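Undergrad: Position chain V against the provided structure of chain G, taking the given hints into account.
Number of protein chains: 2
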Amino acid sequence: MPRWEAGAQSRLTRAAYELYIERGFDQVTVAEIAERAGLTKRTFFRYFDDKREVLFAGAPAMQDAVVDAVATSPEHVAPIDAVVAALAAAGSGITQIGEGAKARQRLIESSSDLREREMIKMVALKDAIGVALQTRGVPASGADLTAQAGVAVFQTAFERWAHSDGPADFPSLMYEALDELRAAIHPASMDASRHPPGTSPVRARWN
Amino acid sequence: MPRWEAGAQSRLTRAAYELYIERGFDQVTVAEIAERAGLTKRTFFRYFDDKREVLFAGAPAMQDAVVDAVATSPEHVAPIDAVVAALAAAGSGITQIGEGAKARQRLIESSSDLREREMIKMVALKDAIGVALQTRGVPASGADLTAQAGVAVFQTAFERWAHSDGPADFPSLMYEALDELRAAIHPASMDASRHPPGTSPVRARWN
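Chains as they are written, first to last, in the working numbering: chain G, 35 to 241; chain V, 35 to 241.
If we strip away everything but chain G, and leave its shape as in the complex, we get (with noise of 0.2 Å):
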C-alpha cells in the first residue's frame, strides 16, 4: 500500500502550477500549495528549496542528459554540432509536454524572480557543457564560446516554440536559429549573400 505521501511531489507540483496559474507566481504562498495538494508544508520542503523550484525541478536530468550526450558523442562530429544535437534532443522532449511546457515558459516570463532563477540555471548549463567540451579535448575558452552560442540557440528556439501555435520541429527550430547566429555574426566582406558561390571575385578569374 502507498504511505500517505504518495505522489506527493507531483501533487504538489500539480497544485503550485494550478495556483500559479489561477492567480499569479507572485501572489501564492507555499502554504497555500502545500493546502491544495493536502499536504504539509513541512513536506513540500522536503521535496522544494522554494516556490520557484517547483518550475526547475527537471533542470538536474536535462543538463546531466545534456552533458552525457556532448561528451560521448563521436570525435569526428564538430563540437558545436555535439552541443546543437544535444540541446535539439532535450529541446524535443520538453516540447513533446506540449501545452504543459509553454505554460511552464508564460510563467517564466510573468516574473523577474523566475527569469532570474532561469537565467542561473542557463548559465549552469552553460559551464557544464563548456567542462563536456573540455573533456572532449576543446581548448577552455573556445569551449565556452561554444558553449554560449549552443545556448543562445537553443533559448531563441525554445522562445520561438513556447510562443508558436501548434506543435513543432524543436530541432528544426534550433538549426533555423544556428544559421541566423552565424549570418549574424558573419564578417561583411565575406558575406557569401555578396558573392553567391562561383561569381567571387576571386574564382571569377578563372571561369
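No wet-lab data here; the hints were simulated from the structure. Heads up, a few of these hints could be off.
Since the list gives no way to pick one copy over another, a pair counts as held whenever it fits inside one copy or between any two copies.
Claimed, not checked - Here are the computed lysine-lysine pairs in the DSSO-like style, where the Cα-Cα straight-line distance is at most 27 Å:
| hint | residue 1 | residue 2 |
| --- | --- | --- |
| 1 | K160 | K136 |
| 2 | K85 | K136 |
| 3 | K75 | K85 |
| 4 | K155 | K75 |
| 5 | K155 | K85 |
Just so we're clear, the structure is a prediction, and the values are computed from it rather than from any experiment.
TA: What follows is chain V alone, placed relative to chain G:
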C-alpha cells in the same frame, strides 16, 4: 564650501574595496564599510542599495554608452561590428583603470553572490543592445542573437584581460574572441582551417 558628505560616494567605494580585499566580500558588513569611511550606514544607503552594488555603480553609465554607440552607428556597419566596436570601446575604458579593474574582477569571481549580480547586469546589457539594434531595423530575433554573441565575446575578452599580466589592447582581445566564436560555430563542411587559402580542392584545380 563642500558639505560634510563631500566625496561620500568615493570614500564609501574606497572603504568597501579595501575591506572586501582584506577580509573577503562575504565577511564585510555595510556598518563596517561606513565606519571605515567615517560615515553612517544611512549615508551608505543613500548611494547604494546593498553592499554588492558598490561594485556595479558604473554599470548603468556603461550600458547607456554602449547602447548609444550601437544606436547611432552608421547604417552601412554590420550589426555585429557595431556591437563589437561599442563593447570594445567600453572595455578599453575599463581596462585603462588597470589593477583596480583586475582587483574588482577577482572580487566578483570570489563570490557566487557577486557572480550572480554580474550575470544579471550582463543579461540586462544584452537586452538593451538587442533593443538598440532593433531601432536600427534589425529584426527582433536576429538582434537578440547578435547582442548575445557580442556580450559573450566581451565576457571572454574581459576574463582574458583580467587574468593576463601587464596592459593589453582590449579591442584586439575582442576581435580575437570574435574570430574564435566564428570558427567555433562554423559549419564543419566549410571549415576554412582544413583548406588554407590557395589549397582548397576547388581552387587548386586552377593553380
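Undergrad: Each hint should be assessed against the structure and marked as holding or not.
TA: Structure-based check of all given hints:
1. Proximity of K160 and K136 under a CA criterion of 27 Å is satisfied in both settings, with 22 Å inside one chain copy and 24 Å between copies.
2. With identical chains, the CA atoms of K85 and K136 are at most 27 Å apart within one copy only, with a shortest distance of 19 Å there and 37 Å across copies.
3. For the identical chains of this complex, K75 and K85 are intra-copy neighbours only, at 11 Å inside a copy versus 33 Å across copies, given an alpha-carbon limit of 27 Å.
4. Taking the closest pair of Cα atoms, K155 and K75 come within 27 Å of each other only inside a single copy of the chain (25 Å); across copies the shortest separation is 34 Å, beyond that limit.
5. When the C-alpha separation of K155 and K85 is checked against a cutoff of 27 Å, the pair qualifies both within a copy, at 16 Å, and between copies, at 24 Å.
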